[in-house]
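Novice: Using the hints, put the two standalone chains together into the complex.
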Amino acid sequence: MSEESADKPVRRLLIVEDEDGVGSLMQTYFSRLGYEVDLAPDGYSALRLVDQQVYDLMFLDQRMPGMSGLEVLAHLRMGRPRFPVIMLSGYSSEELAVRALQMGATDYITKTSDEQFCKKLEQKAHQAIDRFAQEDLRLSNVEMLRQRISELGCLYALEKLFDVVEGSPHNALRAAADIINPKKEDEDERTCAVIRIGKEEYASQDAFISNHVVPYDIYARGRLIGVLEIRFPPNDDDQRAESNPLSEQEHDLMLSVADRIGHFVDFWRTEQRLRESNAALEEYAYVAAHDLQAPLQKIESYVELLIEDYGEELDEQARQYMDVLASSARSMRKLVRDVLALSRLDSDGLLLKPTELETILLLAKDALGQLLHERGAQVIQHELPCVMADETRMLQLFQNLIGNAVKFNDSAEPRVEIGTEETPTYWWVYVRDNGLGMKEEDTQRAFLPFKRLKTKKKYKGTGIGLALCRKIMRQHGGGIEVESKLGEGSTFWLEFPKSEEAERAVGSTAQAITVE
Amino acid sequence: MATTTVQTSNFLLVEDDPDDALLTQRAFKKANIWNPIDSVTSAEDAWQYLTQQGPYADQSRYPKPLCVLLDLNMPGMDGRELIAKMGADETLKDIPVIVISTSDYEKDMEHVRSMGAKHYIIKPLKMQSVLQVVASLPNVSVILGTA
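These protein sequences, in sequence, are chains Y and H. Heads up, the first sequence is in our numbering, so the first residue is 1 and it goes up one at a time. Heads up, the second sequence is in our numbering, so the first residue is 1 and it goes up one at a time.
No wet-lab data here; the hints were simulated from the structure. Heads up, some of the hints might be wrong.
[Claimed, not checked] Straight line, CA to CA, 25 Å or less: simulated DSS-like cross-link-like pairs of lysine-lysine:
no., chain 1, residue 1, chain 2, residue 2
1, Y, Lys298, H, Lys29
2, Y, Lys451, Y, Lys353
3, H, Lys118, H, Lys30
4, H, Lys30, Y, Lys298
5, Y, Lys451, Y, Lys407
6, H, Lys85, H, Lys118
7, Y, Lys353, Y, Lys334
8, Y, Lys439, Y, Lys485
9, Y, Lys407, Y, Lys334
10, H, Lys126, Y, Lys334
11, Y, Lys298, H, Lys85
12, Y, Lys439, Y, Lys451
Looking at chain H on its own, in the form it has when it is part of the complex (with noise of 0.2 Å):
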């Protein structure tokens, strides 16, 4: 993107349960993928997070997202409605979007991909499923670690 300077190379994890965000975040250890995951509890945060407001307004620390992890089902504003909203705003909807969800029903993840997610990781994470997705996201460079 044009207006975007600082070269970033951080994740933003948006999920409400601490647990399964811990999870996530040793699922991508494991994958030695080594780029920051910054973690918000809720799409709200989010969305602040993404367009520099409020607590995330230090531009050189709360750069926009190389990509965002995505929980669908969350209290007040759901993952369904972030992904539009972002969708909506022209320096955000080019941030590809990965849906983390529990359910791997062909219904949901057709409704999902419809509301413009392109990807798709089902819990629990396994590493293999990590490497893939991760693999596939355009123009997302992958620190990978030396482990």
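Looking at chain Y on its own, in the form it has when it is part of the complex (with noise of 0.2 Å):
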């Protein structure tokens, strides 16, 4: 310490310590020293006091109940001034140290009960002020460099990042880049990174060209796709180009952050390509569907002019494989029109709005009535909620599921129930039917697309209702599941999440508000 450190203001000590007697002995001890001293007896109380109070040194034992020593290390690097840190270990252990430096202490000091103790505490409470004065004088690009990336948590905040970003990487990587790179205005103390992949370039702000780089590889699945680079300012001197000046920690972060920009971009590559692969399939179904009706109509009006026209001259075997033809082109148009309503779910917006599940089920019932009132049908409605749903949409979905639950349904007295059961963030909807049921390890297949559980001879459908059932409570956020036992009829159950705005809009007239 120099001699105008005399004139200087009072040291501010800060001492964690959660043994009584070690603490006050050290307290005592330094305020001789003309110290201002806290003592914390925990890890928490210390944190506290650091974000109330500038200090210029602190002790800080490793063993602690609650937070540990070194937990209180990473937690001083977040975003939080920083100043000398001396450990304290009740045992010598060389690990330990070494883990403590690399986490931002100052010094390390095993604890021992002679005399000499206190005197050794206060030798190296001097060198750690004075070493981090110095420090702070010079701070070098590469410390610049260590605290930005401590002080962010890079690697939390590049986690952070890459859970938030959806769609492009681009943006993502570019945002990377900057939280890698500590930014500088000084132009003397400037690094930049640069993320490499493939052909594409993503520089933090203020990037420049320098012979002076530390390279780090990115790869994916084993496969090298880029490299991160630490560009330092461009020197002449050979010596200092070839060695990293980048710390063995900051070092060992460079490593995992390249590790983790090549488990994001692996995982986005792979997450375009399903979605790729899945919008063209759809817009595949889509336009095949679409393009099917033409000619189907076609088919099916000139079978019907052809009977209409010539009906007289043939015979009753001619007439009755014109029927087939007819009915064949009638059920393969309604499969068509069902393949096309599944693959508009995808490409229609979702209107969402309170929507009284009451009212699309007289909806629903009106436009069943003929098949209702043929097969003598009975539903009966219990209360049911207000729920946050498209209305076009709930409405194809209770058509479906009433409409299964009379058409697969053998009983002299086809029956139908439509109630609710609550949990305090879902409503279930159920419709349970007395028809036909289905086995249990079908309660499964059911929902998948084109699957049949029944003779189509018997009974009629298209093996898509159930899939679109699936899709719409899925966009709604919720799921439909079914219990069911052969012969013993069916109970689907509708999940569909609580909402405050549908509850309040419970009575009143409500506004729509459109999702995507």
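Specialist: Laid out in structure tokens, this is it:
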């Protein structure tokens, strides 16, 4: 410590120590030396004090109940002002010492019970404060990098970033370069980070060209896909250019960062491929179905013409063949319509608004009027909730479920019962029938498109209805399940997330909001 | 329209598929509507017909039609463009257009309505729907058969 330090303001010291005896001994000792001393019995109160008060030095015990010394160090690195920290340990452990130093401790000392302990502490304290003051003056760009990275919790920040970014990875990588890079105004102390993936380059702001570069390879599934470069200001000193100016800690961090970027890019590429093939498939289904409609209509119409114009010239057998033709064309057209409806669920936006399921049910019953009447079916309706939903889709959903309940039903008195059960966060609406039911092992497969569980001959249907229902429920943030036993009917359970808006809207006219 | 002096009774059918054209003609006959239906197979031809140009220059033989029956999806100029062009033309904008489409998809119908077509009929044409849509046309006199 130099002479003029005598005029400097009083130094503040924070002792973090859970053992009362040791703590107060140190406090007395350093108070006598003219320090202002605070004593914290654990990590939590230490961090609270650090947030309220600027300290010149901290003694930090490693072994404490609750938060350990190393944990306190980790917290200190996250966006708090820097000051020297000397770790105290009850036993001598080189490993622990190294770890503490890696994590930003300035020094390390083993607690002893001899008289020399306090003297040693004093010595170390002076050294630490001294060294820290010097370092503080000439914080090299490398130190800046370390500090920035530590302060931001670089890996944490990257993770958050990659979590929130959807769609394009480009913005994420550009932002990542900024996070990795310590940006500094001072021309001489700049570094920059550049991420190169294939031909694309993502640089931190104010990136520059340099011959002084430390590269980190980026791999995805074991394949080299790019490189993360930390660039230092250009210099003519060849020797310095060859060495890695990053500390071991920073070096490790950069390796993890490169690793994480690799994972991110790989994840994104895989997702992208899936999305594309999915979209292509949906597009294909839509176009195929759409284009199939016209020729089918034509077949249907011309068979009709044939019967109209030449029906009398045909014999009974020929007329029967004609009927088969006509009904096949009709059922194929129905199938095509259902496929179209399914694929349109993807392309059309969802119009969510508070929707009274009781109203929807009325509409569904109305649309199914003929079928219900023909089968003499009874629809029993209990109280139903108001949920956030797309009306058109809800109608599709209930029309399908009630239609199925009556169609796949051999009972002399087909019955469908619709009601609700409630959990704190969900409405469970059930649609229960006394129909054919299904085998338990079939309950999962029932929701797959084109999966028919009953013979075509006896029970009409395209095999798409339940796939449509499942898709609709998923779009509403819910799900659909079925409980069933062969011969004992089925109960479909629809899960709707509860929403305050829907609840508020009960009994009042609500404003529609559009999603997507 | 003040400028049109020839009393017309014909419909114009714009349909690129002759099989469908036949079906449409049949559906109108079946509905007992006997107005002559002139057929063209493209929107470009329809435009010439409507503006009485080229082969349709003879105004007495090709008067402006009472209404246009229009298929939407055609190669070249499509039905939507024709609706837009007609809407922008002073002498044509009052001729009602009935769109004939394979799609009863709500979105498609809305789109067509937004294009200015007020009337819509879905394939396969049924007698009932033909009667309904023709009855809804303003100022269109229909020749009913006696069958």
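Novice: Tell me if the straight-line CA distance from Y:Lys298 to H:Lys29 falls inside 25 Å.
Specialist: holds (18 Å)
Novice: Has the given pair, H:Lys118 with H:Lys30, been kept, meaning a C-alpha gap of at most 25 Å?
Specialist: holds (23 Å)
Novice: Would the hint linking Y:Lys451 and Y:Lys407 be met if the CA-CA limit is 25 Å?
Specialist: holds (16 Å)
Novice: Between Y:Lys439 and Y:Lys451, does the CA-CA distance stay at or below 25 Å?
Specialist: Distance ~14 Å between Y:Lys439 and Y:Lys451 Cα, so the pair holds.
Novice: Is the hinted pair Y:Lys407 and Y:Lys334 satisfied, with a Cα-Cα distance of at most 25 Å?
Specialist: holds (16 Å)
Novice: Quickly compare the C-alpha distance for Y:Lys451 and Y:Lys353 to 25 Å and report which way the hint goes.
Specialist: Measuring from Cα to Cα gives roughly 32 Å; hence the hint is violated.
Novice: Within 25 Å, alpha carbon to alpha carbon, are Y:Lys298 and H:Lys85?
Specialist: violated (30 Å)
Novice: For a C-alpha distance cap of 25 Å, please report whether H:Lys126 and Y:Lys334 respect it.
Specialist: holds (17 Å)
Novice: Need the status of pair H:Lys85, H:Lys118: alpha-carbon distance at most 25 Å?
Specialist: holds (15 Å)
Novice: Would the pair Y:Lys353 and Y:Lys334 pass a check requiring their Cα atoms to be no farther apart than 25 Å?
Specialist: violated (30 Å)
Novice: Does the structure keep H:Lys30 and Y:Lys298 at a Cα separation of 25 Å or less?
Specialist: holds (17 Å)
Novice: Straight-line Cα separation of Y:Lys439 and Y:Lys485 no greater than 25 Å?
Specialist: holds (6 Å)
When each numbered hint is compared with the structure, violations occur for hints 2, 7 and 11.
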